[in-house]
Amino acid sequence: MADELPKQKFRQELFGYVSSIVGGHGHVRTERKLAVMSIASIVLLLLIGFFAYIFYLSSYTGIEKLVPYLLYTLLSAVALTAALAHHYAHKSSFTCMEGMMVGMTIGMIGGFLFGAIIGATNGMFAGSVFGMAVGMAFGAYAGKCCGIMGFMEGLMGGLMAGTMGAMLSVMMALDNLALFMPILMASCLAILGSFAYMIHTSAGKREEGKVMGFAVFFAICVGLVLLTTAVMLFVPRSTAVIL
Numbered sequence: 001m002a003d004e005l006p007k008q009k010f011r012q013e014l015f016g017y018v019s020s021i022v023g024g025h026g027h028v029r030t031e032r033k034l035a036v037m038s039i040a041s042i043v044l045l046l047l048i049g050f051f052a053y054i055f056y057l058s059s060y061t062g063i064e065k066l067v068p069y070l071l072y073t074l075l076s077a078v079a080l081t082a083a084l085a086h087h088y089a090h091k092s093s094f095t096c097m098e099g100m101m102v103g104m105t106i107g108m109i110g111g112f113l114f115g116a117i118i119g120a121t122n123g124m125f126a127g128s129v130f131g132m133a134v135g136m137a138f139g140a141y142a143g144k145c146c147g148i149m150g151f152m153e154g155l156m157g158g159l160m161a162g163t164m165g166a167m168l169s170v171m172m173a174l175d176n177l178a179l180f181m182p183i184l185m186a187s188c189l190a191i192l193g194s195f196a197y198m199i200h201t202s203a204g205k206r207e208e209g210k211v212m213g214f215a216v217f218f219a220i221c222v223g224l225v226l227l228t229t230a231v232m233l234f235v236p237r238s239t240a241v242i243l
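For the sequence shown, the positions run 1 to 243 when my numbering is used.
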């Protein structure tokens, strides 16, 4: 019975947290703003992508096979930017342990997502390098809020996850990769959702978050999408890629 009490309390707090975001309560103002900016960014990116496909991308041979991965890129870019923006809102309030967790989470999820996407479309080498670059850059920037330990956690998380994401895609190329990618995306998004709750219950309790402007938020999303799309289209593909 005693073991059930913490679990029940956690479930109640988590449900209350999600309900508060939906309801727009004051104590989750930061998370509410980030959710609104994320939804707005997804809608705008979908519109931009639609017109880009009609007027430009449709001329590329085999672009139809890349469409699902372009959608994964869009979702990954917005989710990773939201995590970075949430960190940015409270970056002066993290303890050393929290900062290390922030660097590791952002570095690993960023590296894994973008490594897996490019690994599926371009192969192991391109996926590993790109996944490492994204994961290490975002992870190190996020982790440096608590000094060298968080900085190193971000670098190591990006290094490990970038190569693992690409390796996973290449290894599953002949074994239902198309079915696995939505599962991977959902899992990573669930982790980032838990990450947001962690920030809310730690640094979020110590200060009111200062959310970055929508222009900066959207610019980061667009930059990630453009960079990933350019790698998909212009970086040579490995012979192991079956798309």
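Don't read these hints as lab results, they were simulated from the structure.
As the structure is a prediction and not an experimental result, all values here were calculated from the model.
Where a beta carbon is used, it is the ideal one built from N, C-alpha and C, also for glycine.
A few of these clues could be false.
[Said to hold, decoys possible] Estimated spans, in silico, between C-beta atoms of each pair: (1) ILE63 - GLU208: 21 to 27 Å; (2) ARG29 - PHE234: 17 to 23 Å; (3) ARG29 - GLY147: 25 to 31 Å; (4) LEU174 - ILE39: 18 to 24 Å; (5) MET97 - PRO68: 34 to 40 Å; (6) VAL67 - ALA35: 44 to 50 Å.
Hint-by-hint comparison with the structure:
no.	hint	verdict
1	ILE63 - GLU208: 21 to 27 Å	violated, 45 Å
2	ARG29 - PHE234: 17 to 23 Å	violated, 42 Å
3	ARG29 - GLY147: 25 to 31 Å	holds, 28 Å
4	LEU174 - ILE39: 18 to 24 Å	violated, 36 Å
5	MET97 - PRO68: 34 to 40 Å	holds, 38 Å
6	VAL67 - ALA35: 44 to 50 Å	violated, 26 Å
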